[in-house]
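If you read the protein sequences in the order shown, they are chains A and B. Residue numbers 1 to 112, in the numbering used here, belong to the letters of the first sequence in order. Residue numbers 1 to 412, in the numbering used here, belong to the letters of the second sequence in order.
For the record, the hints were derived by calculation from the structure and aren't laboratory data. Everything hinted at is true.
Below 30 Å or equal to it, Euclidean Cα-Cα: the simulated BS3-like pairs (lysine-lysine) are:
(1) Lys254/B <-> Lys85/A
(2) Lys183/B <-> Lys43/A
(3) Lys43/A <-> Lys254/B
(4) Lys60/A <-> Lys43/A
(5) Lys90/A <-> Lys2/A
(6) Lys43/A <-> Lys85/A
(7) Lys43/A <-> Lys302/B
(8) Lys2/A <-> Lys69/A
Quick list of simulated restraints, FRET-style, between CB atoms:
(9) Gly108/A <-> Pro188/B: 55 to 61 Å
(10) Leu100/A <-> Ala35/B: 33 to 39 Å
(11) Gln39/A <-> Val371/B: 50 to 56 Å
(12) Tyr36/A <-> Val371/B: 47 to 53 Å
(13) Gly186/B <-> Thr104/A: 47 to 53 Å
Ideal Cβ positions, reconstructed from N, Cα and C, are used throughout, including at glycine.
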Amino acid sequence: MKFIVAIIQPHRIDAVREALTEAGVGGLTVSEVRGYGRQRGHKEVYRGAEYTINYVPKLKLEIAVDDDKADELAELIMRSARTGKIGDGKIFIFDLSSALRIRTGETGSQAL
Amino acid sequence: MINGADTAWMLTSTVLVLFMTLPGLALFYAGLVRAKNVLSVLMHCVAIACLVSVLWFAGAYSLAFVGTNPWIGDLSQALLAGVARGAVHPGTTIPDTVYIMFQMTFAIITPALMIGAYVERIKFGAVLLFSGLWLIVVYAPVAHWVWGGGWLAAMGVKDFAGGIVVHTTAGISALVVAIALGKREGFPHGLQPPHAPWIVMVGAAMLWVGWFGFNAGSALTAGADAGMAMLVTHMAAAVASLTWMAIEWVRFRKPSLIGTVTGTIAGLATITPASGYVGPMGAIIIGIVSGALCYAMVQVVKLRFVVDDSLDVFAVHGVGGMTGTLLTAILMAVEFGGVGYGDGVSMTSQFGVQATGVATAAVWSGGMSFVLIKITEALVGLRVGQESETQGLDLTAHGEAGYNVAFGGTSQ
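Can you build the whole structure from these sequences, using the hints too?
Written as structure tokens, this is what we have:
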């Protein structure tokens, strides 16, 4: 199994979720996060004073999938989250050693 | 004799002006600070409102509005001695009780305005001690000079609703307190932005509505003067908002909400002294001048003076109040649609009186605030420790958090 973590632009979440749903992904976890990459921060102006916002709001998606689907889904997330502008985010893929469904106690692929 | 219509309007105005502080000003300021200090600012507003109310009844009202001495009132109505249920306030058609309450709401908002200068770093005890002393030493005498039959009133100064009494005193004192207290960690470069701009707008909108009580209520009657005061107040607020918005739009390519509603407050503060004397044309001029001038002064205080008057009390209220008081002398002319001058009074002589009022109130406020803040520092200290400042006053001073997440804690 693989564990996919994607950091994306917040406004791309609907496109990503639709693409994943069409591909048969049964669930995902989303959290609001902040950070920076090459984009660095941005500037905001309040009463004429400029503030540098060092940590830019992003969404973090977490999905656990079977090995054979990981590359396809990562590709799908990449395409649906992409705007082509700097700050589009990153995708990380980890090996997932085990999974458990809390309600039933199922393990492995059955728990996904 | 008590007039029912006038009394009804003044009861309403009293409610509106208290609403300006609770919760208008409280929210206006709360949205501008960082999330870790949101409760402390709300707390400052509530505590000052309660403290001033008690002091007002105890003797501050009497010092401001009772007695014939040109410099300060007397204590003959301390603890509201002799204020009978049916007593009519001299020179008005409303009960003494309503007049006392109406004026109390002004006495509340004036020290509360200064909160903006010392947020995010002041000790709570210092807020209470300084505000209480300030009410008696600065507000009561200046209110007496201008509104209580004192020497400025005798000179014929025109301050309809508090350009001198409220905004000049609070604005100048705010600057003095901000300097005495020192900058917040990270000022001017390295601060976080306001935590909730939408709350700032909600507060500003409440202030705008409440200001009709402030200015139109200062007519003390339900009639033509109140009507025109309301009209010019609204017009100045709208024009000043658009002016500030336009400046930001041109300069930063984006018109901001916080900027626009700060323009609203600048316009309202500036029309305050003029609201009983100018017409719609004067209001438009005041709107444009106040929006542009207060915008510029915010930048000057932060970047040139490098003073951490954190929420721009001096630049918006002080500058607005002083400018409005001076402009009153010009815009009250019949040519500008104003009420015109009294017998033997010219624009020049009125301007001289207005300038005298502004200057003496500014000097008194600045000097006395300096003395009072030093007394406060000696008795209870001014600043919280660095660790408390970093952690935020909500938790360190009040033991509460402004925003609790669902798994934040359990009761015991």
